[in-house]
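Chemist: Residue-level listing of the chains:
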Amino acid sequence: MSFLKKSPWIIHYDGTSCNGCDIEVLACLTPLYDVERFGVVNTGNPKHADILLITGSVNEQNKDVVWQIFNQMANPKVVVAVGICATSGGIFAECYNVMGGVDKIIPVDVYVPGCAARPESIIDGVVKALDILEEKRVALARRRRKARKARPVSLTNLF
Amino acid sequence: MSKRSIVPFGPQHPVLPEPIHLDLVLEDEKVVEAIPSIGFVHRGLEKLVEKKEFTEYVYVAERICGICSFMHGMGYCQAVENIMDIKVPDRAEYLRTLWAELSRIHSHLMWLGLLADAFGFESLFMHCWRLREQILDIFETTTGGRVIFSVCKIGGVRKDIDKDTLKGIVTILDKMQKELKELTDVFIEDYSVQHRLVGVGVLTKQEAHDVGAVGPMMRASGIAQDMRMLGYAAYKYLDFEPVVENDGDCYARTLVRIREIYQSMNLIRQCVEKMPEGEIEEKFKGMPQGERYERLEQPRGEVIYYVKANGTKFLDRVRVRTPTFTNVPALLKVLQGCELADVPMMVLTIDPCISCTER
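Protein chains in written order, with my numbering: chain A, 1 to 159; chain B, 1 to 359.
Bear in mind the hints are in silico, worked out from the structure with no lab data behind them. Treat the hints with caution; some may be incorrect.
To be verified - Reference listing, derived: stretches of chain B covered by chain A, where coverage requires no fewer than 3 residues with Cβ under 8 Å from a Cβ of chain A:
(1) 30-42
(2) 146-154
(3) 319-328
Glycine included, every Cβ here is placed at the ideal spot set by N, Cα and C.
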């Protein structure tokens, strides 16, 4: 990828993470790594976001929250599971309240391993997510065009 | 009387990186009551002792919280060592203290940044986190990890730090102290910062005592309680006084944490000066039998480790009472009667660590 076509906005949700990956996600946004120079902005609003970063696995209490945030995001959207807990449950996989990776609840596109995931690999994950976002955008546009052709809507048809 | 309404705060909120949910009962703009609901980060890792051996459980203990990760591992190790009567070598104790104090600096700097972000001073947030990266670099060179570094083990530590690196750490801290001075002056003297912090969320000395606040929250209300004075690890050889402020508001809590950063730097210098030569770990045999309470001072306050062992390689019970858990009643106390706009400020000044609280 030689240049960015889009400034991706990310939303970050902390599942049952131990904070290790959370502070690394925040560290990406601060001066040493500074992804904001690429136009990556952290937003608190799911409706503005393109990429959902989830750290930590899901449990009975937060699965609805994860599901809701995912559903409130506009299409096309990409989910990045940051850290080994979000990928498979990691060291906590055997705990009674851990259901496993985030992919048990929502479809995950990019997995970033590591405990805690390093900022470099998180940025790498976001860059991979951008390619997938572009693919999804193209596919969505094609689907919409097809649907419009198949069912031509005009005012005369409506009445 | 005006109409009451409920404003939900969290679990996904821009101010907090972590999920906690508060139902704020409002009358106009005043908070009458705050009802917390928790469990978003509950993993149930205390029960993992039944599945992991006691030597392996150190890794789980370190992952209770990624911010004070080292001190969690240290607390667990100390408890098991005390049950098994293992004498940790002096050098290992000094090294533990060094890493613990570095963790405190990193945690407090991170907190200062988040506080600045909460009152909308973004450049200050960025500067705090820029300084914090220097501490993380020290962690990376000495242990290999940035936030979680599994360097503590039962009987000592895994890695040694050579003389030149120790000197280098002090040089980095000396340089950092000058930059830090500029930064903390903004927190202490800036008019707009004071406007958001002074007189907000006052917790009196009596109230702090009654609700059982711990750590900087308690010390900001004028109670000098610091678990490091108990003299675990190498603190018995070091010279320091607990940092105390008397006002009990958000400003005082900020001051306590700022002064603690300088105190930690001082402690690290003492550590480097007094560090003896020798072994870094003690070999041990056998299984633990018995029980033990261990109290430690974390960046957020006192943590209690309770370990019960039955003579096999699996422990009976590990219980962790973390500082944020104890500070939640204090938070609910200060939230009553405050303005809605001040809520993020209050929530942040207890320095919440939800993954510690719910484990």
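Chemist: Please go over all the hints and tell whether each is borne out by the structure.
Modeler: Hints versus structure:
no., hint, in the structure
1, 30-42, "holds (count 4)"
2, 146-154, "holds (count 3)"
3, 319-328, "violated (count 0)"
Checked against the numbered hints given earlier, this structure breaks only hint 3.
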